[in-house]
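With the sequences and hints as input, model every part of the structure.
Residue numbers (the numbering used here), protein chains in the order written: chain A, 919 to 1069; chain B, 867 to 1076.
Just so you know, the hints here were simulated from the structure itself, not pulled from any lab data.
Note that the structure is predicted; figures quoted are calculated from it, not measured.
A couple of the hints might just be wrong.
Distance condition first, Cα-Cα at most 20 Å in a straight line; then the derived EDC-like pairs of lysine to aspartate or glutamate [claimed, not checked]:
hint	chain 1	residue 1	chain 2	residue 2
1	A	Lys974	B	Asp893
2	B	Lys1026	A	Glu1018
3	B	Lys1026	A	Glu940
4	A	Lys953	B	Asp893
Stretch by stretch, here's where chain A covers chain B in the computed footprint (C-beta under 8 Å, at least three residues) [said to hold, decoys possible]:
hint	stretch
5	874–880
6	978–984
Beta carbons are placed, not taken as given, at the ideal position from N, Cα and C, and that holds for glycine.
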Amino acid sequence: MGRMVSDSATGEVIAQINARFEAGEAILEMAALQKEFKIFSPKHSLYDSWLVLNIKASDPNERKRWKKWAETYMKEKVPSDLKGVNGHDRLVRAYQENLESSRPLPMFYMHHLAKDDPRVLVSTGIGPLFSVVDHIITSIPIKPAADKTAA
Amino acid sequence: MGPVHARIEAYYTDKISRHGVGPRGVDWTCTATQELRFVQLLKLCDFSRPFSLNDIGCGYGALVGFLARRHPEADIDYLGVDLSPAMISRARHRHRGAQGRRFLAGNEIPRIADYALASGVMNVMLDHPRALWEEFVADTLRRMHAASRRGFAVNFMADKLDGTATEGLYRTDPSRWILFCEQTLGCVVEIVGGYGMREFTLLVRPGREP
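Here is the structure:
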């Protein structure tokens, strides 16, 4: 993302994620899938879990970059708001805990600038601009490709 | 049903040609939703003993891979049938060498098996008139019943909450086909729902003859 994945692939994948986890029937479907198959768990990488849901970039080259971003960069370079938990594992935990809860909330995937906060952040609140219901909001730190000064 | 079968065959041949082997090639969202439907349909089957299974509208044989992972010890004599020769060609290639796994292109169910399953076969109505599509559904259910010793299972998309239609898709109320299976086919029907999708699965077992 940012420097690692193209803008178009990033937008494409995020749109898919937010559609599959949106309020209403979509999140109920996700909860049912989690209950049956344990799609999100420490046993599976985030990239593989998304792939099972057919959430992926259409360009095969971008998919490779996404995989590297999710499985290497997010694990090794990105911290989270939970002490000792890397960004990748924090996201997996957020999906798993929410989908396995008694009342799963819709989930919203967004970004913030890494220079403002370098951690993956998970919170509860109104995510999408036009929504009126609470979401689990996962916010990923990015370093824009054009930002030469970013850490 | 010939013209209806021909339209269905053309539709799915186009799908698999454009998207290749994978859920999109048979019009499903993803592997996970495809397999969640298999879980419901397979509730019909008694895995404690060997059985034969006809998979109607088998596509590229996704059920075969799922059975291998989910029920690796099961002894199943499997026959996949699909209207699209292109689907069957891919299924044969994908599962070449697999014991007890056969695939056949055509609109006939060529043998009587213990069970028959059909996943998603009734959903894509295309531009057929609803009455004609319901003749196709009834015909398919009759043929599945005639070719099954111990029962058959099929899934349908349920009506939306607001009752609106989705262009090209067939949605229905469960009672429509439960009554058909009970009264016309003389079967006992168990409905499976609440599995996170706006649809339902019917597990249909033989009852008294009508």
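How the hints compare with the structure:
no. : hint                    : in the structure
1   : A:Lys974 <-> B:Asp893   : holds, 17 Å
2   : B:Lys1026 <-> A:Glu1018 : violated, 26 Å
3   : B:Lys1026 <-> A:Glu940  : holds, 17 Å
4   : A:Lys953 <-> B:Asp893   : violated, 23 Å
5   : 874–880                 : violated (count 0)
6   : 978–984                 : violated (count 0)
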